[in-house]
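Chains as they are written, first to last, in the working numbering: chain A, 1 to 327; chain B, 1 to 413.
Don't read these hints as lab results, they were simulated from the structure. C-beta atoms are modelled at their ideal positions from N, C-alpha and C, and glycine is treated no differently. Heads up, a few of these hints could be off.
[Claimed, not checked] Which residues of chain A face chain B? A few of them, derived with a C-beta cut under 8 Å, are:
1. GLU203
2. ALA255
3. LEU257
4. GLY258
5. VAL265
6. LEU266
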Amino acid sequence: MTPLRPASLLERRLVIVTGKGGTGKTTVAAALAVAAAGAGRRVLLVEVGRDEQIPSRFAPGGPPAGYTGREVHPGITAMRIDPFEALGEYLALQLGVSAPVALVLRNRAFRQLMEAAPGWRELITLGKVWHLEQMRQSPGRARWDLIVVDAPATGHGVSFLSAPRVVVSALRAGPLRRHAAQVEALIEDPVRTALLPVSLAEELPVRETEQLILKVKSDVGISIDRVVVNAVLARPFPAGLDDLDERLRRLPEAAPLGALPAPGVLAACAAHLRARWELHEHWAKALAASIGLPCVRLPYLPEGVEGPASLARLGAALLGDTPAEAA
Amino acid sequence: MNAAGFAQASLLRPRIAVCVGSGGVGKTTVAAAFALEAARRGRRALVLTIDPARRLADALGVGALGNQPEALPREALAALGVPPEGNLSALMLDMKRTFDDLVERFADTPETRTRILQNPIYQHVSEALAGSIEYSAMEKVYELDAQRAYDLIVVDTPPSQHALDFLEAPQRLVEFLDSRIVHMLIHPAFAAGRLGFRLFQRGARRVLQILERISGIGFLEDVSEFLLAFEGMSEGFRQRASGVRALLLGRETAFVLVAGAGRDSIEQALALRERLAGFGASLTGVLVNRVRVWPGGGSPPDLSGAEGSLGALAAAFAAREGAGFPAQAAARAALDAAAGYAGFVRRDARETAALRGAVEKQGSYWGAIPELPGDVHDLAGLARIAGAIFGSQADSGREAPRAGEPHGRAAPA
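The shape of chain B in the complex, shown without the other chains:
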């Protein structure tokens, strides 16, 4: 697959592009760059983030992102080559509100709604339930996708301990609601006939009672109350969760794995790739962010024989800078810098080789995003990243790659 094929498979064909990766690899930036590039190609694009640093809002030049999409100003987009039919919106997920909206939607009566929203277990669960942020993110994607107001929704996944928790979250919630312990707590009689259940019930009740005694919290009572209220809603939840899952694993969704060039990050990416495959999700491509590349591309030359040429460089310095300039020291420092940088380039190539080999063998796209000299903190910076990923023309801002550096192109497979 080349860069054009990757753009087709990740920006133009799907309705949803999910950026996955471990924390600290620049996933949020890459997701925003994807959405911007889709807009530049005439699509109505939305980037959904959970970035708590609100940095995406800053980078996009919008004030604060709420739980509803906010469109970026037309003029700013036009300046970056977004045609009239394309646009770009951004949304920062408010997890608690997304969850509350769900309860509002599925509660059968206003009383149920109030009972759930005021239940202490719900208040804990909606904020702290393992995977609830992931569930909320996927729920929001489902809702927005159903509205068909966007051609492409780019999802920046939460920095959870396991980067694929969001894929499991809907199923886990349903499993929890369906679980025997939940039924047992709601209808103790339900399980009464079965010996295994009775044994378990005695054991579980005993432990829960101990927890209650130790904690002094009416844990069982609150849980039962919460689950009873939830029972009427669980069918709606269940359908919704399976809808979310089907959408994510369907043809409309492309997964892009973002990794850093360091060893830990590459190891995590390899593991993530396997888990994605285990879910049946199709991995469109892998992008390694902030890779140090040799100026002009290719492998760095062997500089071990270059000592003998230091005199020539010193002479060139002396000719250009005059007698007062420490030409010998400068020549030595220039060689040291080049040799040092060549070492960085080789190290990144070495660390990424295993992942690259696995990805290319599988036929997915492999791309390296060169490390920029500075941080990305505005739309122009996002445009440069997009240019590096998709090989499109980066704008000519003041931090554009300098002469001799690769022209912001992702190294094709």
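Excised from the complex, chain A in its bound form:
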């Protein structure tokens, strides 16, 4: 398989990042935003959860971005889509007035009813994303070059993405059906939109990613052209010393090693690193083989992901500055 074209994600208008809890999808979304901003794009970085996580990725304790958004890094505006605010905006647009809508939306009983109602959050959130994609700074020039959405974790992710399609198939006519169809058209347009699943090179996330891809292929027509395998451990020993831990184990435990730990301790460290690395290799390869899509490996950063510098490093790896693994 030919290597990934480094810019293909940046040519999209909308990239939706999803993955099992704990895979680092928020980090990957932020890293993609940093890479895109570094390439001169005006990026909108959207999250949809109840607690904002993105601003603190750029500066610890950074104030929330909220529904109106805030620049968290040069070229990157972060925002959180609150479904009730989006609903209010939508209804106000439909009605042409905002005061009565705001009154009703603030009503506790109405909110209770809506808390219980299924499906509308996903639809209204994607509707807002569509609206943001449509925004123009001047005729012919989009307000945002790239919108990156940190989507709900897989499981919830598929129902999130399939909401417009469900509405389109459930309704015969009406404005809502027309609007949902526009959103669906954006989601399913491979030129404008891509889904970016994030996995770890471990059994459970790999299985879940495989299921996600199957489900997305059957339930949602969104394009996936690569999968991110996050936090992959580097080869622990130089070539030719693959069995270093076993060689260390064969040394006499009483060998005088000065300031070094005893051979048994050195062997245990080496064995642990080797076992975890072999596990990562195994599952990264298993994922690439089973899904038939390119897998981009992001390195495990021993010092942790802290602030824009490490996000930039991951972003560069994400766009293919390091060799990508072909299926």
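With chain A's structure known, arrange chain B on it following the hints.
Frame of chain A; chain B shown alone:
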């Protein structure tokens, strides 16, 4: 609290142990290990999971888990040291069926039952109502606990966005059924006398009518129909929900928080801990899963001065491996590996320090489960995890901790 005290408080004394934690921390595995350890200590244990990957079934060596408990084979348990009086069952929650069972139980007439089960709103609500999976899980726990067929039920909580949704779910359902908008929809006359209500009613009706017009769905009609049918049942629901809540917050229930060693996971665990306290739930202990620990325990040594000893290691290699072996390069690689691993151990200790301090200050148990070289995918693996948590003897399977590694013991507080 030491490991023995933790076992007493989380396995032997309570009837219910709830494992809470954010997604991806290995909660399902820890819950299964708890149930196995309880069985090894002679209790009749059940683990209830919502694990959609069916991985628990695989790990436990049973085919498919249904909505009813399935007992694990006696021989497999005996091989892991489960005495004759102990046993282990597993159950995977079928949310939809649990909800349907509830309707069956509380519907006053067969007609009501049919009306509810066939109502489109119910069909949506029972699958997609915010918190219905959590409600179902807690409902199932309540039902099983009432049967008294188990000494300990270990609950692996759903991976919801907010890991404590299940604590709120029963109350939220009752609040919804009791809410003014529900009454208004059922009995528009009920609210007619009050001005605030009338204003609200006009506003809400208007919005709902707009939603209806935009959507083309008979939303109001379906909702009213559903709520009318539900009205006769709501008293049963209400009692049930308060029973579930009382059980969870009572002395019979122990909460165990499972976290990962990474920064995000620790931050989520700290927040979870505060929310648990806000509910009045008692936190028995915190387990940090997959912590990298230094071989033999303790803090890693400072290896910055070890460069000068590389010659000694190279000499030892040369003596053992002979002339053809790249002894210098191997010595360098061994030091790099040890220094790299020491960095991982320090990082995990650093990231977990805040949580550990908070937990120990509060007097709860703190335990670290060392990262194993491989994945856990069978009963023997669960036994090793249980050994690491409770300090009991892990079996001597082929993936048992190697010499020089900590002997699968949780670091005591």
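Hints versus structure:
no., hint, in the structure
1, GLU203, "holds, 5 Å"
2, ALA255, "holds, 4 Å"
3, LEU257, "holds, 5 Å"
4, GLY258, "holds, 3 Å"
5, VAL265, "holds, 5 Å"
6, LEU266, "holds, 5 Å"
Going down the numbered hints, you'll see the structure goes against none, and every one checks out.
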